[in-house]
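**Student:** Below, each chain spelled out in residue letters.
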Amino acid sequence: MSSHDDRELGLVSGGQDASTRPPVTATVINYGETHLDERVYARPEDLQGFTLRPAVTWISVDGVCDGDLIQAIGGALGIHPLTQEDIMNTRQRPKLEDYGDYLYVAVRMLSPDGDSEFRSEQVSLVLGADYVVSFQEQPGGTFERIQEHLRAGVGRLRIEGAGYLFYTLLDATVDDYFIVIEMFGERIEAIEDAVVAEPGPEILQSIYALKRSLIALRRSAWPLRDVVAGLERGDSPLIPGSTLVYLRDVYDHTIQVAETAETYREMMSGVLDIYLSSQSNRTNEIMKVLTIIATIFIPLTFITGFYGMNFVRASDLAHPGGYPSVFALMIAATGIMLLYFRKKDWI
Amino acid sequence: MSSHDDRELGLVSGGQDASTRPPVTATVINYGETHLDERVYARPEDLQGFTLRPAVTWISVDGVCDGDLIQAIGGALGIHPLTQEDIMNTRQRPKLEDYGDYLYVAVRMLSPDGDSEFRSEQVSLVLGADYVVSFQEQPGGTFERIQEHLRAGVGRLRIEGAGYLFYTLLDATVDDYFIVIEMFGERIEAIEDAVVAEPGPEILQSIYALKRSLIALRRSAWPLRDVVAGLERGDSPLIPGSTLVYLRDVYDHTIQVAETAETYREMMSGVLDIYLSSQSNRTNEIMKVLTIIATIFIPLTFITGFYGMNFVRASDLAHPGGYPSVFALMIAATGIMLLYFRKKDWI
Amino acid sequence: MSSHDDRELGLVSGGQDASTRPPVTATVINYGETHLDERVYARPEDLQGFTLRPAVTWISVDGVCDGDLIQAIGGALGIHPLTQEDIMNTRQRPKLEDYGDYLYVAVRMLSPDGDSEFRSEQVSLVLGADYVVSFQEQPGGTFERIQEHLRAGVGRLRIEGAGYLFYTLLDATVDDYFIVIEMFGERIEAIEDAVVAEPGPEILQSIYALKRSLIALRRSAWPLRDVVAGLERGDSPLIPGSTLVYLRDVYDHTIQVAETAETYREMMSGVLDIYLSSQSNRTNEIMKVLTIIATIFIPLTFITGFYGMNFVRASDLAHPGGYPSVFALMIAATGIMLLYFRKKDWI
Amino acid sequence: MSSHDDRELGLVSGGQDASTRPPVTATVINYGETHLDERVYARPEDLQGFTLRPAVTWISVDGVCDGDLIQAIGGALGIHPLTQEDIMNTRQRPKLEDYGDYLYVAVRMLSPDGDSEFRSEQVSLVLGADYVVSFQEQPGGTFERIQEHLRAGVGRLRIEGAGYLFYTLLDATVDDYFIVIEMFGERIEAIEDAVVAEPGPEILQSIYALKRSLIALRRSAWPLRDVVAGLERGDSPLIPGSTLVYLRDVYDHTIQVAETAETYREMMSGVLDIYLSSQSNRTNEIMKVLTIIATIFIPLTFITGFYGMNFVRASDLAHPGGYPSVFALMIAATGIMLLYFRKKDWI
Amino acid sequence: MSSHDDRELGLVSGGQDASTRPPVTATVINYGETHLDERVYARPEDLQGFTLRPAVTWISVDGVCDGDLIQAIGGALGIHPLTQEDIMNTRQRPKLEDYGDYLYVAVRMLSPDGDSEFRSEQVSLVLGADYVVSFQEQPGGTFERIQEHLRAGVGRLRIEGAGYLFYTLLDATVDDYFIVIEMFGERIEAIEDAVVAEPGPEILQSIYALKRSLIALRRSAWPLRDVVAGLERGDSPLIPGSTLVYLRDVYDHTIQVAETAETYREMMSGVLDIYLSSQSNRTNEIMKVLTIIATIFIPLTFITGFYGMNFVRASDLAHPGGYPSVFALMIAATGIMLLYFRKKDWI
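Protein chains in written order, with the numbering used here: chain A, 1 to 347; chain B, 1001 to 1347; chain C, 2001 to 2347; chain D, 3001 to 3347; chain E, 4001 to 4347.
Derived lysine-lysine pairs resembling DSSO-like cross-links, with alpha carbons at most 30 angstroms apart:
no., chain 1, residue 1, chain 2, residue 2
1, A, Lys288, E, Lys4288
2, E, Lys4344, D, Lys3288
3, A, Lys288, D, Lys3288
4, E, Lys4288, B, Lys1344
5, E, Lys4343, D, Lys3344
6, B, Lys1344, A, Lys288
7, A, Lys288, C, Lys2343
8, D, Lys3288, D, Lys3344
Now the in silico label distances, taken between C-beta atoms and shown as ranges:
no., chain 1, residue 1, chain 2, residue 2, range
9, E, Glu4186, D, Ser3236, 37 to 47 angstroms
10, A, Glu198, E, Ile4336, 45 to 55 angstroms
11, A, Gly140, B, Asp1037, 50 to 60 angstroms
12, A, Lys344, B, Tyr1340, 18 to 28 angstroms
13, A, Glu266, D, Glu3038, 56 to 66 angstroms
Looking from chain C toward chain D, a few residues come up when the C-beta cut is under 8 angstroms (computed):
no., residue
14, Pro2201
15, Leu2204
16, Arg2212
17, Tyr2307
Read the hints as simulated data drawn from the structure, not as lab findings. Note that the Cβ used here is the ideal one computed from N, Cα and C, for glycine as well.
Excised from the complex, chain A in its bound form (with noise of 0.2 angstroms):
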């Protein structure tokens, strides 16, 4: 029914041309305690008649072109249609689904992009009573290293369920948020310096790129903190108690990233505001110039222009003392002038 899948809402882009795209695989990852399977699928014909063992697997899907390899999986594990268009659909706003069955989860994943952008792609989680599916656009990034921690079995992850994983893929996508605010920390602090240093119009460009991105990020973010804070009240029976507490932090972390993305748009306005006044301070100063200039010299020139009309018998051209008094007349006019000027604290 939802037609718009591949629609391009302008601002957040992930994903690159179909044509470098790498192939779809799933990694699935059986493990637990003392245990841990590894196979890689890339043809939706080799996940027939796959089932879930015992303990805990992950199925790490990276690209989410191919339907039929998402159908076969969601077939399997019995995800609804509705989810598995979701998950293709990669123009979705975060959000938190209950199946009952399973949870499903849609959130961004960040990653910084040139100087004042950020890459964004969707991630999927599906978390089932042991499993955990998760669905990337690309492969790589935060989630490799979580599957390098678990092949090394460090940290707690090989002890603990489904839900602990669910929580350390969450927490590691929020992680990665906060590399894109300090980036546009670091952009703000580079902007304040060039507008009190050397105020140009491409400043106002970049602002304005930062503004956009900044309302790219809270489009990110807020949902995001919502999903978390529905994760967190503990409706469902998937995410055991212990893994709650641990959600309590996820969830101060989105709130974070939330006020710090709206902390980073009020000073943009502060920095704005500066931008504006230095140039009408230049306007100031350029008036400035012209003033002093003019006013000095008009009053000369008409005195030039006095002396050098033509009246013949004007009697005191003729006078020795003239051509002196006349110097200092026009002395004496730029002297009180420059005076005026002092006074004023023009100069």
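Using the hints provided, position chains B, C, D and E relative to the given structure of chain A.
**Tutor:** For chains B, C, D and E alone, kept in the frame of chain A given last:
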């Protein structure tokens, strides 16, 4: 009692002149998993003795200006006179009303109209136990496509009940919002480019027109969200639980529409800031040219005036080195000015 | 206790000078499905011994400055002294108070007054088991039309109880808001056109006056919405369930009024932005004319000054080609300037 | 524990220098329907052995700097030490605290002070079963008038209990807000007139001072609203039901004060917009004068310069028609300029 | 799991370089009504076998960079590893967490640092049944004073339980906010005076710095308010009812801090408006000087130019009255200009 049916609120407007209006028709589609009957009624009296047959009935009415036809349908299905009034009053705020026997929903259907505007018409949906009545101001559009799907028997539409048909109509209406959203996204990008490239006063008109349209979009989108939220709560037995999960999806889309409209509004403010600042930049640039020219030539003109004075015995005029040294003085004055402007970063 | 009855809050104002006020009168209409009695009282003492008769009684009071009459009615119907005070204090915030035996509602009735202003008067409604008392500051207006409907016996008014009459009065009051809204809509369009066509300083006055009126409108509309919401909740047995569905309609209208007022306020900000920007444009245009004229003629004047110097042996003055070449120099300088301005897009 | 009693928050300030402070006195009024006893205490030791007598007792304390007196009263009536601290700390945020045996209310009493400022002092009210203790920073004011009413036995004050006295004091305090509101209303109108008539820089100071005062007013009014709302909920048995209906009235007044303060703030923004725009208008007007003068005379001066050049054989200088035709040229140039300015609507 | 412990959010910052940090020490104070034991631990291994003794124990830890010591204390008291992580992560958002056995509170302690900035360090408080553990980043400050009070045995601290000590520490932390608030109040007044007296561009820097600090203050104050509100609700049995009434007082203070920060932000906007408007005033003033000088002298210079033309037979040059009448013409032109400027109120 409602005497402001024909009031123009100035913002959202649909329909055409009465003279060009197509006649009002009611298409009655009765369908089940294995059959589909279709009849078209244009005159109220044809509907006399109309009764619902088993399975699902969809009465699709194009045009709402014929009160008699609406009354005939309303009478046959037991629709409250107030609902009938609401159907005919095409300036309703989107709303959901639960009359027990049936649900009444009024929403606005959008379609792009030019570069930064959209047309909006009111769509009324009445959901009964085994029927849906839909009222459009204009024939055609999204609902026509659903009729074709129904006739072709594709999808789950034929095997589900009236609640699912109701969801399908609502979902199609909401999906059309994304087309308008997309149009706005492109328009904003075009304005952004124009502001940077050649910021003329007509851009302000474009920004204002787009802001106005975004205000109107928000006016449609926010109450739409409330309507779908009300449906999704599942208070009414007319919508089966299996359909509620789909409504949750529609609800997510309405939030996405509303949030994107907000985001666009914020982006327009940013564009306006750039525009105003670029205007201020232009003033500065003009000022700079004036100041540079005036500041260089005013002292030079003073010098020429000085030596244009008619003092008879001004001995340096007769001095052979006078002319070259005045020339040198002028070049020196110009050079000092140019160095000063270079230091000020003006040239 | 309330000693600020006569305080002027400066925003909403109604009534006329005491000297031109018509006398206070109470029209008592007792009606049922088959009968209608009507009597007019002007003096409190006429009301002595007044008792309610069976069927519905509507006491419509025009003018609230005669405390004795209000006290007489209040005494006969058992209305609390505080309510009587509230009726006479015409600077009330719209409010709903449930005294058990009766409901007291104070709202503001609007009517357009000039181009961008409106007059507002307080309407008090008291709903008892089988009576409604309405208090207006001025006779006539919407309630007069309802009296005529009642006398003519059109509509459902005669066959329904006091609750329906109460709804009818409230609905008529809210409907009058749309007239003011419509007036504002036309005024905004007029200002929009004026801002584009000939933005003079008097437009700012218009914008400010309209903004002030919109603030006042909102001040009336938002509490009105709360009043109707309170009635629609259906806590009071004085309003039968069959009337509640109509109040839901009134509630929708109050939301529409409040939202339209908000929308208009936003549109006024947009208009203000255009106005301020067009002012800035005018400054730029004036600057451009000055700069073009000055920049072309200042160098030319310098040239004339140069050849106006009184150096005796300036040989090129005597040179036959001097005069034409100076002429050529001036034309060249002007041409270069004009090309520069063309490149800058100034001319 | 609270060590910031004497902190100056810079916004709301009351009281006088300690040296000019009148001595702290406690007026104890014991009254019933038929009797009224009054005694004044100035020294804490006089209060030893103080016990409440039957009927209602009002202890009205003027001045809160004498901790011993407050402690003596507090000890006699069983007032918690924290409440005693709160009474002495005159920088409290308005608040309501229910200690079971008594209610403690701290609000701010306002009185106009100059054109756009107001003085504010803290009033503490303690309501017990059959007593009210009121603490003012300064003697006199509204409470004095209530004492006179009480002595005179007018109104219902003598026949009601302590709850009604408590309401009366609160109502009188809130009523004083309207005096300040009214002062602000007049001040805003004066500023509006001044902005239109003669917008000088000192108006901005006035606007800013008024804004500051409005911020301070809101700071007093919003928590006051919460305090009265808390009382009106009727959770405490100390306020009888018959008094609650009066508190609902006080609550309406507090909303009205808070909303009017908001409205005034919005109006001040509008006035500021007008002021800033009128400044921009003035710049435009000055620019226009400069541009008109310069644009007319610069070309003329060029012409005079042209014919002032010392080319010996410039034949047209000697031509008899030369002088008149230059004159005609100048008049033509001026005329073209004037027509151009007329077209531009500058003159 | 939290890998962003050391992330710098750029806004609030405390602590010093590791090289200059004093060693981490834990001061353990065990006290009751009649006794007080005190021991200082600096090495984690000293804490081995540490057990709580009867009566109240306060463990005051200065410095949070030594994970082993915190782990040793946490292990002895049964503090969750997540809480231990939170204590070491000094970039926490203020928060309250109830672990059943103990309450964990993280707040920020402020101290002024320069004119318009403040230092902020994280304070963690753990409240158990009969102990409080406090963690500061730096030794000294407010908690030191409370230790001295405790040793001296003044106040109610010695006779109350751990809950009261917990309240005392929180109250002292909140009281420190008022010092920062007071500093901001003084700074705002200084900026206000400077804006009126001599508005230079460096004021904008001050305004922006202060705004930034106010944003940071709000970021600390609002969640602090939530923390204290959570405590004051009284859900935890660790805080006895007699202490709850004191927490209500702390809560009032946190609201006061948060509201004052908001008020200051609004005042800063007002100051910014004045600054920007005074800049605009300066531009106007400069323009006026330029326009007056130019408008007076440009026509005069034209007159001198006119009579400087070399027309041979210009008869009025030779006329004896020519020179005086030109003089008169110039004086008249100047007089008219001056009258015009006087009318315009420019001089």
